[in-house]
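Engineer: Quick mapping for you: the protein sequence lines, in order, are chains F, G, W and V. First residue of the first sequence: 1, per the UniProt record's numbering; consecutive thereafter. First residue of the second sequence: 1, per the UniProt record's numbering; consecutive thereafter. First residue of the third sequence: 1, per the UniProt record's numbering; consecutive thereafter. First residue of the fourth sequence: 1, per the UniProt record's numbering; consecutive thereafter.
Please note: incorrect hints may appear among the correct ones.
It does not matter which identical chain is used: a pair holds within one copy or between any two.
Said to hold, decoys possible - Cut-off 27 Å, straight-line C-alpha distance, at most; resulting in silico cross-link-like pairs (DSSO-like, lysine-lysine): (1) 370 with 141; (2) 260 with 98; (3) 141 with 279; (4) 370 with 271; (5) 370 with 292; (6) 166 with 367; (7) 61 with 370; (8) 45 with 388; (9) 260 with 299; (10) 299 with 30; (11) 47 with 357; (12) 79 with 47; (13) 370 with 243; (14) 61 with 166; (15) 167 with 243; (16) 388 with 98; (17) 271 with 243; (18) 61 with 180; (19) 271 with 61; (20) 167 with 292; (21) 281 with 292; (22) 292 with 67; (23) 26 with 367; (24) 239 with 388; (25) 397 with 367; (26) 357 with 180; (27) 47 with 243; (28) 271 with 301; (29) 260 with 271; (30) 239 with 271.
For the record, the hints were derived by calculation from the structure and aren't laboratory data.
Protein chains: 4
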Amino acid sequence: MSEGIKIATIGGGSSYTPELVDGFIKRYDKLPVRELWLVDIEEGKHKLEIVGNLARRMVEKAGLPMKIYTTLDRREALKGADFVTTQLRVGLLDARIKDERIPLSHGMLGQETNGAGGLFKGLRTIPVILDICKDMDELCKDAWLVNFTNPVGMIMEAVNRYSGRKKAIGLCNVPIDMQKAIARMLNRPLEEVYITFGGLNHMVFVTGVYVDGRDVMEEVIDLWGNQSVKNIKGIEWNKGFLKQLGVIPCSYHRYYFMGKEYLEEAIEHYKENGTRAEKVKKIEEELFELYKDVNLKEKPKQLEQRGGAYYSDAACNLICSIYNDTRDIQVVNTVNRGVLDELEYDEVAEMNCIITKNGPVPVSVGKLPKAVNGLLQQIKSFEIAGAKAAVTGDYDKALLAMMINPLVFSQSHAITVLDELLEAHKEYLPQFYRKQ
Amino acid sequence: MSEGIKIATIGGGSSYTPELVDGFIKRYDKLPVRELWLVDIEEGKHKLEIVGNLARRMVEKAGLPMKIYTTLDRREALKGADFVTTQLRVGLLDARIKDERIPLSHGMLGQETNGAGGLFKGLRTIPVILDICKDMDELCKDAWLVNFTNPVGMIMEAVNRYSGRKKAIGLCNVPIDMQKAIARMLNRPLEEVYITFGGLNHMVFVTGVYVDGRDVMEEVIDLWGNQSVKNIKGIEWNKGFLKQLGVIPCSYHRYYFMGKEYLEEAIEHYKENGTRAEKVKKIEEELFELYKDVNLKEKPKQLEQRGGAYYSDAACNLICSIYNDTRDIQVVNTVNRGVLDELEYDEVAEMNCIITKNGPVPVSVGKLPKAVNGLLQQIKSFEIAGAKAAVTGDYDKALLAMMINPLVFSQSHAITVLDELLEAHKEYLPQFYRKQ
Amino acid sequence: MSEGIKIATIGGGSSYTPELVDGFIKRYDKLPVRELWLVDIEEGKHKLEIVGNLARRMVEKAGLPMKIYTTLDRREALKGADFVTTQLRVGLLDARIKDERIPLSHGMLGQETNGAGGLFKGLRTIPVILDICKDMDELCKDAWLVNFTNPVGMIMEAVNRYSGRKKAIGLCNVPIDMQKAIARMLNRPLEEVYITFGGLNHMVFVTGVYVDGRDVMEEVIDLWGNQSVKNIKGIEWNKGFLKQLGVIPCSYHRYYFMGKEYLEEAIEHYKENGTRAEKVKKIEEELFELYKDVNLKEKPKQLEQRGGAYYSDAACNLICSIYNDTRDIQVVNTVNRGVLDELEYDEVAEMNCIITKNGPVPVSVGKLPKAVNGLLQQIKSFEIAGAKAAVTGDYDKALLAMMINPLVFSQSHAITVLDELLEAHKEYLPQFYRKQ
Amino acid sequence: MSEGIKIATIGGGSSYTPELVDGFIKRYDKLPVRELWLVDIEEGKHKLEIVGNLARRMVEKAGLPMKIYTTLDRREALKGADFVTTQLRVGLLDARIKDERIPLSHGMLGQETNGAGGLFKGLRTIPVILDICKDMDELCKDAWLVNFTNPVGMIMEAVNRYSGRKKAIGLCNVPIDMQKAIARMLNRPLEEVYITFGGLNHMVFVTGVYVDGRDVMEEVIDLWGNQSVKNIKGIEWNKGFLKQLGVIPCSYHRYYFMGKEYLEEAIEHYKENGTRAEKVKKIEEELFELYKDVNLKEKPKQLEQRGGAYYSDAACNLICSIYNDTRDIQVVNTVNRGVLDELEYDEVAEMNCIITKNGPVPVSVGKLPKAVNGLLQQIKSFEIAGAKAAVTGDYDKALLAMMINPLVFSQSHAITVLDELLEAHKEYLPQFYRKQ
Ligand SMILES: [Mn+2]
Ligand SMILES: [Mn+2]
Ligand SMILES: [Mn+2]
Ligand SMILES: [Mn+2]
């Protein structure tokens with residue numbers, strides 16, 4: 001890293017990339033990125049060039065000696081990289097549309113991370129990520145893999161179990177969103193509130209909130225109980241329930257505790273508007289229209305409405321802290337190392353870590369209540385079963401993952417939806433078809 | 001026990017009692033029961049007398065010096081007892097009808113043990129059982145409590161946590177039914193097949209099957225996958241799924257893995273025939289008509305169709321083994337004591353035990369697969385939450401139990417069903433109304 | 001086994017063999033041994049023939065169709081065996097003399113099982129046992145290995161970790177001796193006293209004693225505190241200490257809790273009489289003189305004074321229970337399988353097991369007190385380190401085993417004694433010399 | 001704390017106090033201590049005044065508005081304090097002399113922390129510390145207790161178990177000394193080396209060393225193996241042993257792994273020079289002569305030779321980080337909270353923590369090797385047994401602590417030394433004499 005940092009971004013043609021570039025520009029003082037390699041595949045070449053050109057204009061405007069490369073040659077990009085970020089989407093948004101549509105058509109929530117949809121995103125993505133890990137071992141052994149491709153939990157568990165790579169971190173914006181929401185509720189700047197998170201990706205809980213050395217968890221639970229859900233009217237966490245729970249669930253927990261409500265809403269919404277994926281596709285097209293504008297030289301405001309904001313910001317923050325050994329606390333996905341008693345020593349968890357030059361080191365976040373342990377174990381075993389299915393291409397292992405997923409709840413639907421999704425994604429799941 | 005054994009049976013007016021009496025008669029050589037006290041409450045007086053008289057005729061016909069007492073005075077019956085069996089039903093079958101009807105009316109499986117219905121049966125029953133424990137401490141300190149009232153898991157967890165009583169065992173006929181089914185499949189007498197069970201009540205798994213010192217689990221899984229479900233056509237366990245699981249689930253697992261199928265069937269059936277409880281009520285009435293017949297001097301054949309056969313037989317077996325220190329293996333509900341790694345040392349589990357004069361001692365049954373651990377933890381935490389709600393009468397604690405139950409799956413329904421059931425069972429849930 | 005049982009006894013020329021033969025004769029009704037193969041090595045040929053002839057006379061007198069074979073061809077003996085017992089002694093008693101003498105010459109207890117002496121016995125024996133396991137996989141895959149060669153703990157841990165053999169059991173007479181002593185104290189026949197044992201070989205504790213369904217542990221501890229040690233005058237367990245401990249230590253625990261006393265006695269005794277091994281050697285010579293007598297046709301009384309009585313009896317009992325699937329309780333060394341919470345699931349422990357046709361199944365024996373956990377962990381890690389050193393022949397690994405042994409207590413002595421023993425046993429430790 | 005911080009130092013008349021005062025002066029910018037209350041008992045009044053006056057001169061010279069109070073009224077000092085530090089010595093150095101002399105006279109290492117001497121220091125000190133905790137609950141509920149009185153492990157375990165106080169931290173200078181030594185070996189400034197510590201007080205291990213994001217543990221172990229011990233010639237850790245261990249033991253580990261060597265040295269040294277305590281007493285007297293000098297206005301150089309340097313510095317650092325919520329990493333004694341898998345969730349450990357306004361939060365430090373787990377468990381159970389003996393005054397519980405201590409190794413000596421020390425310290429152990 002002596003002559004500045006080299007970053008390789010796989011899936012560089014993503015609409016998120018301008019945020020990432022913006023993040024590197026803002027942090028240049030502390031994080032001198034000299035080379036940013038945006039990598040994509042043939043099908044994404046057109047978008048890659050649009051994004052690459054916008055990035056070049058942004059860097060130029062900032063007056064920084066950061067070089068932007070666009071390439072279809074992943075190995076070239078990985079060579080000597082210091083950090084590799086992955087934001088790829090195997091099968092593009094069309095695949096996600098199927099992930100949502102097919103389950104919904106059988107009255108089941110697809111859920112792109114911890115549901116049937118998430119399983120299939122995992123089955124498509126894991127082989128690619130493991131391939132990147134193999135290349136990294138050869139081309140940039142000491143680099144860190146920073147993954148923010150979903151399903152982050154299943155993918156990181158796969159990296160943990162099936163690649164030898166220790167230097168790998170998974171990222172999500174759920175924790176930072178919750179931190180901001182809690183600080184706002186308490187009318188405090190973020191840095192004055194100490195919050196502990198523990199759990200799994202999209203299954204994370206706030207286990208403690210402290211202000212001025214005082215435990216204010218009860219107060220926060222009281223406020224949280226009133227909060228209405230952004231997208232769905234009338235759905236709020238019941239306060240009495242939250243008090244008994246003693247921890248604050250994240251937004252994705254609603255799929256389990258309010259599954260019926262969400263399902264009804266999803267079906268109704270689907271009838272009117274199609275899937276969320278279809279909506280995202282439309283937004284993306286609009287964004288790329290914007291990106292083409294040669295007068296645009298910065299991250300456009302509209303990007304924030306895309307959802308998933310702060311992802312790239314979180315990635316930049318993480319990379320910056322590793323590079324500078326700042327030892328500040330961030331919430332990331334990494335190997336538990338004994339901190340969450342509910343999980344095995346070697347399982348991936350999402351929790352508070354201090355970020356050192358040697359990577360994230362988990363920090364005690366207390367115990368999770370027994371009442372949520374069942375759900376936690378279910379999702380962890382789902383992640384493991386999904387990862388195993390992804391690397392073996394074994395039908396029965398994929399069926400196991402479907403069956404133990406708490407959103408599935410039906411053997412006949414598990415089989416039908418599995419069969420339909422395997423067929424629909426055939427092209428991206430060669431491991432399941434080699435065997436037959 | 002020097003002058004023979006005294007047994008007290010709480011809920012003695014139950015239609016099951018003739019089977020119990022029959023069991024004691026058959027085992028008289030090894031288990032000399034001199035006094036059998038059948039206890040019931042005022043509302044059950046009439047049935048108690050019918051059953052008591054049948055019991056007396058049965059004993060007389062057998063020519064045994066076993067005295068049958070019928071009484072409404074529980075303390076009198078407990079005095080100096082050696083064994084106390086509990087087969088009571090707070091609120092009678094009418095309460096169970098509500099436990100099933102109310103959830104079903106909201107499209108939810110009531111499930112009389114591990115669902116919302118089971119929670120309410122627990123809330124009504126636990127205070128009574130804890131009361132019996134208190135009386136036993138005073139009147140028959142060294143006696144064993146043998147409970148076969150459902151929900152056995154929640155009740156035994158309550159006894160374990162909230163009474164000081166160590167001498168308490170919970171019983172279910174699911175394991176013995178599975179043992180018989182497996183032996184039949186293998187064309188072997190029961191005693192030649194060594195089967196290990198581990199889990200919770202109505203959430204138990206066969207973890208191993210051995211014949212002639214050979215592990216035949218794979219073979220049994222293969223056979224089990226084909227078995228169709230007695231009551232519901234077309235529902236079979238998928239073989240590939242079972243193979244991946246590596247253990248054999250019990251019949252109650254279908255509520256979780258085939259919840260949708262079961263729910264649809266239950267709703268349809270309900271529309272045509274009313275609840276299972278209503279059907280049972282009819283059968284019971286017919287049984288009592290039979291029992292009245294002064295020429296009937298033995299357990300009638302029809303009792304076997306009642307469901308829950310072998311319960312009483314299992315109870316007699318257990319009592320006989322304790323009395324004789326036979327150290328044979330039976331599957332019962334008792335404190336885990338480290339044998340199932342998935343559960344805490346002090347939690348109640350259902351598993352193989354050797355039955356000694358000092359009670360059941362758990363025997364290693366291997367590990368449960370990770371894929372079922374989530375469900376296991378969910379039900380265990382449900383049992384604990386239910387037990388806590390039962391002793392405190394706290395609304396929020398009952399809500400917690402509803403919310404974490406995997407059959408509920410909806411916050412709004414959790415609240416509605418909870419409220420309706422609390423209202424419907426008001427009379428039997430004074431602990432929830434004292435507070436208001 | 002259809003035509004009767006074949007047993008192979010490795011180290012068949014041992015002075016213990018007549019007890020084993022006697023055991024098989026006594027149990028012939030239930031355990032029809034048709035062939036007993038006594039195997040030994042060239043150096044033991046003479047003794048093997050003496051013992052073999054005595055065995056033949058014993059069988060003849062009993063009038064049983066049991067054939068006794070003596071052979072130097074181990075593979076011939078293993079072919080098609082149903083049970084293989086190992087009672088071998090690599091380097092014979094002369095090696096044990098060195099195991100005791102060399103440590104003692106540096107003021108350290110050699111201790112033939114859990115001390116430096118035991119380590120070296122393990123280093124010599126483990127490769128031979130693993131070799132037998134390999135042969136068994138080939139020649140008698142389904143046979144059970146019943147090992148009563150010391151150090152049983154370390155050897156069984158080695159079999160567990162470094163052979164694929166699951167069908168292997170370690171035996172010791174300490175538990176049965178303690179059972180008998182306790183029953184005697186309580187004036188009860190053995191079968192009326194229920195005793196639980198937990199721990200490691202030669203590091204086992206009585207964790208519970210029950211009579212007539214009553215916990216009599218306190219009473220037994222009270223009696224045990226007074227018991228004086230057979231061989232050493234004036235050494236008794238302090239009652240107050242035992243009460244605080246809450247469990248009853250075995251005789252080998254004295255090496256740790258009364259190390260200084262034992263060491264002084266051992267040094268003094270050594271000066272006067274030489275090592276225990278030297279004394280045993282003399283006794284053995286006398287025994288073989290007896291065995292030669294063609295008029296001797298049964299196990300001679302003098303054998304009982306040899307020490308280690310009941311070992312062979314325990315072995316016969318175990319084999320008989322496996323063969324007949326009796327499911328009675330015996331204390332053996334096998335994989336813990338979660339029963340002792342203090343040990344890993346897969347570590348070997350000594351504890352109550354039911355003996356089935358599928359081998360021993362551990363039974364809950366309660367928790368060990370925290371106060372002895374340290375010692376337990378130390379010995380378990382010593383066993384593991386010793387086993388690892390034995391299979392690798394790595395000097396540093398052997399040094400680690402020495403250093404963590406609680407009887408060593410000195411780095412300089414650890415090194416000196418290690419070096420001297422490695423040199424003294426060079427002939428039997430090729431794995432340590434190949435490397436240099 | 002709005003108007004500056006109030007500190008109460010119990011045992012304020014200690015010779016260490018000037019270092020503490022110096023520490024507060026140096027950090028005044030970040031840690032504005034307005035009141036420092038030095039508390040002592042009647043017997044220490046003279047020294048208290050000497051130290052108090054020196055402190056006043058130091059503050060005056062620094063030109064800071066920090067007020068120094070000296071008092072015998074502990075409650076007055078505690079009232080409204082923000083931090084309470086404890087550096088007291090019940091029975092003064094004369095008691096420590098007995099702690100060392102009596103065991104040594106029986107050929108046993110007294111060892112003032114984890115040996116028999118440490119047990120007695122604990123028995124004398126724990127009741128006083130628990131008394132301070134009680135006063136704090138009343139007079140300064142939200143204050144932090146910072147204890148650097150030995151035996152820190154046993155005392156903190158007592159505070160943890162027998163006071164309700166959560167805000168309590170134990171401190172030792174061993175970790176910072178090791179950190180400095182390792183940084184020096186690597187020729188790096190302290191802040192560039194990331195070191196993880198895990199274990200118990202005076203039983204702590206370095207589990208990892210990282211430089212520039214690289215694991216350099218092997219290199220450090222290699223260097224550490226050569227390091228000779230300061231006070232005892234010729235004693236070095238064997239490199240091969242350390243490599244097998246995989247962690248770096250602290251200096252106190254030599255008492256266990258080189259017990260014989262240490263004991264011999266201690267006995268020889270004792271014959272020539274008396275105990276370490278006697279030497280310390282002489283040094284202290286010289287220090288107080290210096291302190292009396294009215295021209296001395298700063299911490300004298302000679303204090304550093306006293307041993308235990310950096311203790312006070314560590315205390316000031318800790319207090320400063322809590323006050324400013326700096327979230328930097330320090331090694332302290334606090335409740336484990338799941339981070340060290342080898343210890344219970346609620347047991348006190350010594351390990352890396354981030355220091356927040358809410359106190360220390362443990363940070364993952366990896367696993368300890370199995371080979372040291374036995375020793376760790378032994379000392380933890382010794383701490384627990386000692387704490388229990390201290391609060392109950394029960395003779396047998398004290399005997400248990402003696403018996404399980406790995407330095408004792410003899411039942412007869414355990415009893416003799418226990419009896420002699422109980423007699424020698426009678427005055428300071430009223431809890432053991434009330435009962436008789
Ligand atoms: Mn996310
Ligand atoms: Mn049942
Ligand atoms: Mn033995
Ligand atoms: Mn210290």
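Engineer: Is it within a copy, between copies, both, or neither that the alpha carbon of residue 370 lies no farther than 27 Å from that of residue 292?
Structural biologist: Cα proximity of residue 370 and residue 292: none, with 52 Å in one copy and 50 Å across.
Engineer: Within a copy, between copies, both or neither: which one fits residue 370 and residue 243 at a CA-CA cutoff of 27 Å?
Structural biologist: Classified as within; 14 Å inside a copy, 29 Å across copies.
Engineer: If the cutoff is 27 Å on CA atoms, where do residue 167 and residue 243 land: within, between, both or neither? Let me know, please.
Structural biologist: Intra 38 Å, inter 25 Å, cutoff 27 Å: inter-copy only.
Engineer: Give the relationship of residue 370 and residue 141 under a CA distance limit of 27 Å: within one copy only, between copies only, both, or neither.
Structural biologist: neither (40 Å within a copy, 30 Å between copies)
Engineer: Since the copies are identical, ignore which copy is meant and state whether residue 299 and residue 30 lie within 27 Å (CA to CA) inside a copy, between copies, both or neither.
Structural biologist: within (20 Å within a copy, 40 Å between copies)
Engineer: Since the copies are identical, ignore which copy is meant and state whether residue 166 and residue 367 lie within 27 Å (CA to CA) inside a copy, between copies, both or neither.
Structural biologist: both (25 Å within a copy, 16 Å between copies)
Engineer: If the cutoff is 27 Å on CA atoms, where do residue 45 and residue 388 land: within, between, both or neither? Let me know, please.
Structural biologist: neither (32 Å within a copy, 56 Å between copies)
Engineer: Check residue 141 against residue 279 for me: Cα-Cα at most 27 Å, and say if that holds within a copy, between copies, both or neither.
Structural biologist: neither (39 Å within a copy, 56 Å between copies)
Engineer: Have a look at residue 357 and residue 180 and pick one of within, between, both or neither, based on CA distance no larger than 27 Å.
Structural biologist: Intra 26 Å, inter 20 Å, cutoff 27 Å: intra and inter.
Engineer: Taking 27 Å as the upper bound on the Cα-Cα distance, should residue 79 and residue 47 be classified as within, between, both, or neither?
Structural biologist: Only inside one copy: residue 79 and residue 47 sit 23 Å apart there, 68 Å across copies, limit 27 Å.
Engineer: How would you classify residue 388 and residue 98 at a CA-CA limit of 27 Å: within, between, both, or neither?
Structural biologist: within (22 Å within a copy, 44 Å between copies)
Engineer: What label fits residue 260 with residue 271 when the C-alpha limit is 27 Å: within, between, both, or neither?
Structural biologist: both (17 Å within a copy, 22 Å between copies)
When held up to the earlier numbered hints, the structure conflicts with 1, 3, 4, 5, 7, 8, 9, 11, 14, 17, 18, 19, 20, 23, 27, 28, 30 and fits the remainder.
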